[in-house]
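Chemist: Modelling step: build the complete structure from the supplied sequences, incorporating the hints.
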Amino acid sequence: MNEKERVGLFLCECSKNISGTVDVHKIKDELEKLPDAATVEITNLYCSPEGKSEIADSIKKNDLTKVIIGACSVKQHEKTFMEVLEKAGINPYFLQLVNIREHVAWVTDDKEKATAKALSLMKAAYNRVHYHEAFEKKEIDAVADVLVVGGGLAGCDAALNLASEERKVYLVETNPSLGGQATKYENSFPSLECCSCMILPKLQEVVENPNIELLNYSDVEEVVGFFGNFRATVNKKAKYVVPDKCIGCNECLEPCPVEVPNEHDDFLGNRKAIHFQVIGATPYIPVIDKENCLRFKDQDCTKCRDACMFDAINYDDQDEKTEQSVGAIVLATGFESFDPTLIPSLNFSPGTEVYTALQFERLISNTGPTGGKLVKRDGTPPKSLVLVHCVGSRDKRYNNYCSNVCCSVLLKMSTQILEEKMAEGIQITHVYRDMTIGSTGMEEMYDKLNDEGVRFIKVPNTNDIAIHADDGKAHVTLPKETLPADMVVLATAMVPNKKAEKFIEMLMLDRDKDGFIMPNHNKIDALATPIEGVFVIGSASFPKDITNSIIDGSAAAGNISSKLQPGEKLLVETLISTIDEEKCSGCKTCISICPYKAIGYDSEKGISVINEILCRGCGTCVVACPSNAITARHFEDNTILAELGGLL
Amino acid sequence: MTETGFEPKIVAFVCNWCSYGGADIAGSMKLNYTPNVKLIRVMCSGRVDPEFIMEAFQGGADGVMVLGCHPGDCHYIEGNYKTLKRYNMLKPLLDQFNIEQDRLYLDWVSASEGEKFARVMEEMNDRITQLGPLNWDNVIDTRQGGEV
Numbered sequence: 005m006n007e008k009e010r011v012g013l014f015l016c017e018c019s020k021n022i023s024g025t026v027d028v029h030k031i032k033d034e035l036e037k038l039p040d041a042a043t044v045e046i047t048n049l050y051c052s053p054e055g056k057s058e059i060a061d062s063i064k065k066n067d068l069t070k071v072i073i074g075a076c077s078v079k080q081h082e083k084t085f086m087e088v089l090e091k092a093g094i095n096p097y098f099l100q101l102v103n104i105r106e107h108v109a110w111v112t113d114d115k116e117k118a119t120a121k122a123l124s125l126m127k128a129a130y131n132r133v134h135y136h137e138a139f140e141k142k143e144i145d146a147v148a149d150v151l152v153v154g155g156g157l158a159g160c161d162a163a164l165n166l167a168s169e170e171r172k173v174y175l176v177e178t179n180p181s182l183g184g185q186a187t188k189y190e191n192s193f194p195s196l197e198c199c200s201c202m203i204l205p206k207l208q209e210v211v212e213n214p215n216i217e218l219l220n221y222s223d224v225e226e227v228v229g230f231f232g233n234f235r236a237t238v239n240k241k242a243k244y245v246v247p248d249k250c251i252g253c254n255e256c257l258e259p260c261p262v263e264v265p266n267e268h269d270d271f272l273g274n275r276k277a278i279h280f281q282v283i284g285a286t287p288y289i290p291v292i293d294k295e296n297c298l299r300f301k302d303q304d305c306t307k308c309r310d311a312c313m314f315d316a317i318n319y320d321d322q323d324e325k326t327e328q329s330v331g332a333i334v335l336a337t338g339f340e341s342f343d344p345t346l347i348p349s350l351n352f353s354p355g356t357e358v359y360t361a362l363q364f365e366r367l368i369s370n371t372g373p374t375g376g377k378l379v380k381r382d383g384t385p386p387k388s389l390v391l392v393h394c395v396g397s398r399d400k401r402y403n404n405y406c407s408n409v410c411c412s413v414l415l416k417m418s419t420q421i422l423e424e425k426m427a428e429g430i431q432i433t434h435v436y437r438d439m440t441i442g443s444t445g446m447e448e449m450y451d452k453l454n455d456e457g458v459r460f461i462k463v464p465n466t467n468d469i470a471i472h473a474d475d476g477k478a479h480v481t482l483p484k485e486t487l488p489a490d491m492v493v494l495a496t497a498m499v500p501n502k503k504a505e506k507f508i509e510m511l512m513l514d515r516d517k518d519g520f521i522m523p524n525h526n527k528i529d530a531l532a533t534p535i536e537g538v539f540v541i542g543s544a545s546f547p548k549d550i551t552n553s554i555i556d557g558s559a560a561a562g563n564i565s566s567k568l569q570p571g572e573k574l575l576v577e578t579l580i581s582t583i584d585e586e587k588c589s590g591c592k593t594c595i596s597i598c599p600y601k602a603i604g605y606d607s608e609k610g611i612s613v614i615n616e617i618l619c620r621g622c623g624t625c626v627v628a629c630p631s632n633a634i635t636a637r638h639f640e641d642n643t644i645l646a647e648l649g650g651l652l
Numbered sequence: 003m004t005e006t007g008f009e010p011k012i013v014a015f016v017c018n019w020c021s022y023g024g025a026d027i028a029g030s031m032k033l034n035y036t037p038n039v040k041l042i043r044v045m046c047s048g049r050v051d052p053e054f055i056m057e058a059f060q061g062g063a064d065g066v067m068v069l070g071c072h073p074g075d076c077h078y079i080e081g082n083y084k085t086l087k088r089y090n091m092l093k094p095l096l097d098q099f100n101i102e103q104d105r106l107y108l109d110w111v112s113a114s115e116g117e118k119f120a121r122v123m124e125e126m127n128d129r130i131t132q133l134g135p136l137n138w139d140n141v142i143d144t145r146q147g148g149e150v
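As given, the protein sequences belong to chains C and Z, one line each in that order.
Counted the way our numbering counts, the first sequence spans residues 5 to 652.
Counted the way our numbering counts, the second sequence spans residues 3 to 150.
Just so you know, not all the hints are guaranteed correct.
Unchecked claim - For lysine-lysine, the following DSBU-like pairs were computed, each having C-alpha atoms within a straight-line distance of at most 30 Å:
hint, chain 1, residue 1, chain 2, residue 2
1, C, Lys117, Z, Lys87
2, Z, Lys11, C, Lys37
3, Z, Lys11, C, Lys115
4, C, Lys400, C, Lys240
5, C, Lys587, Z, Lys11
6, C, Lys592, Z, Lys87
7, C, Lys188, C, Lys240
8, C, Lys79, Z, Lys118
9, Z, Lys11, C, Lys517
These aren't lab readings, by the way, just hints derived from the structure by calculation.
Modeler: Following this line, the structure appears as structure tokens:
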């Protein structure tokens, strides 16, 4: 508590809004009796230019140390009046704005009680300001470069929008090529526009952008630091193919004697140990997969090197670790497909005519294992196809949410098969619960399929149906009928990518109830996370289609660009909590309770330490501290108790 | 004003983001409610130390309210859950001090719930009016330790 304060008390009439109910003159008389009241003034409107000048003049004339304004809500004019104090030469935190309008004058007709209530609020503020301390704005140096994790369409869009001469972007992709799940699609809904034609130019832009450092076939191993000052360690896996020499001629693939299931085709076909992610991938340079290559199993195979006309194969390539300093991190880790074997009645097993939607997409894609020919495993075209919606979605037993995209994808597949006449005379049947197709053009597509004879059978829950598949044929048992089917497609739920787990742990993020990375707020702050400077975009936070994933990328880039400007310092929150080193016992209670992971442990001193860049000043740690070692600035125990004393 | 002339003294700790805003909206809607409740703004309901509540009773409050954001809506992610835990621990302890549990009240009021804000003010006022003044003779002085 400061001795000998000179407190200025200002009562706003707000025309009749306050003075119509609250007798400000009576309050003035009472306040003038307070020992440290240097001046008590009344005016019609303190927020007007004249009103603000009156306060500023009074601060100077009366040499005020603290200012109390009885007026309106802090939401409306706290900033206004803090600026007045600052311009008049005193610390803006020496202000207390008392709401005698919304909280008093507007909510009671009883003038006597309203006046008494306003007076006690003013007295509480008078008590309170004696404990107000000066706080200065603090700025820190920050790096404007950004790390984008995930080279799908969301991540690529973010990278393209962020990269500039002043801002470098490090784009890390675990796979050899960019584009993510979208590269598996032949075409997109609703227009059946060719996916490759749409996305490859964008991916090529990423590769050619001099301000994007593409770290493909690489993994982020560690991230430390905080907003403006992160450090990321990235492991660039050995590719065994020299990018500058390889021209993507494919000659090395054929001679490779190894065949393994192709994860990029969702294990539908096989690939070689030296392989491209997909034909036409960006960048279009193969990698040798060390797990399966014979050379790394002590065999002296050199077939790919022998076939290479450009001397691009280098068996001595090594993993390489690099370290990057970045100011912000964008997580675009995407989704993976729900495992349908978790629903026993579907009897999903590889080798049958039952496919996941992603596998089926590869089957009808020109770059897929059959070159885009829709054929069963025996090579003959199917006469009947059953598409099952909501597999593992919208069901508490598996995933309670709707995956947003699957209905549209299945309708798109049906349209593609019929329009491109992929199987003459085929009967297509959809088994669904509800048709959730919100995006533009999809209702028309649904109507057209109905007109063209596609059957739509509504069942109570698609996860309760039974599928039996053997001898190249399948049967789908519904509550009221059994459908024979040459092929069955399961629209498996989009589930959180397991590779995102590592980032949730490293960056101390939270998962939402469905396991996705939780944003700061679902509606008004859906791209930022509780960890300042870390953003989540695309399907990493919830299943999204291509359109919304790309919108996320652009929006996050805009958000970062405005917060983290090259060459500028970062303004940090002033009203944070602080720890008294002498009092802290190092029990770490505060560390576990902080929602922003802003508190760390200094093992040398044996105490907790608040990172002033991450702390947002909520004050919940202050209450939890058993040693009373933590103080919330501007909301210190003494300050609040002084205010309380004034009210009672 | 009641027949006995008892006007309760009630203090409400409100969070900056939701409940303070709820009080603002109640004002903008010109809803009429009791002037007996006075607000203290804190950034988060999670800042409300059980000690503040005991100090309020000690200092003469007949009732204390803590108002925060709805579960899931906390501006600081989960401060209100901390509040709920602390409230659930403190409330039964009030019996030990001969303070009726109904004198402490926790609720969630969003920045749009002007109606709810006015309603909980009225309901609290009614509850405390029913209970009457806090019976000081039976209350143990928390600061002095008191006689048990």
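Chemist: Each of the hints needs a verdict: does it hold here or not?
Modeler: Results for each hint:
For the given pair, C:Lys117 sits about 35 Å from Z:Lys87 by alpha-carbon distance, which is inconsistent with the 30 Å threshold. Between Z:Lys11 and C:Lys37 the CA atoms are separated by roughly 23 Å; this keeps the pair inside 30 Å, and the hint holds. Straight-line distance between C-alpha atoms of Z:Lys11 and C:Lys115 comes to about 18 Å, which keeps the hinted pair within the 30 Å bound. The hinted pair formed by C:Lys400 and C:Lys240 fails the criterion: a straight-line CA distance of about 40 Å is larger than 30 Å.
Proposed proximity of C:Lys587 and Z:Lys11 is contradicted: the alpha carbons are some 36 Å apart, above 30 Å. Of the supplied pair hints, the one linking C:Lys592 and Z:Lys87 holds, its CA atoms being roughly 19 Å apart against a limit of 30 Å. Using a Cα cut-off of 30 Å, the hinted pair C:Lys188 and C:Lys240 holds, with the two alpha carbons roughly 24 Å apart. For the proposed pair C:Lys79 and Z:Lys118, the alpha carbon gap of about 20 Å is at most 30 Å, so the pair holds.
Distance check on the hinted pair: Z:Lys11 and C:Lys517 sit about 42 Å apart at the alpha-carbon level, beyond 30 Å; violated.
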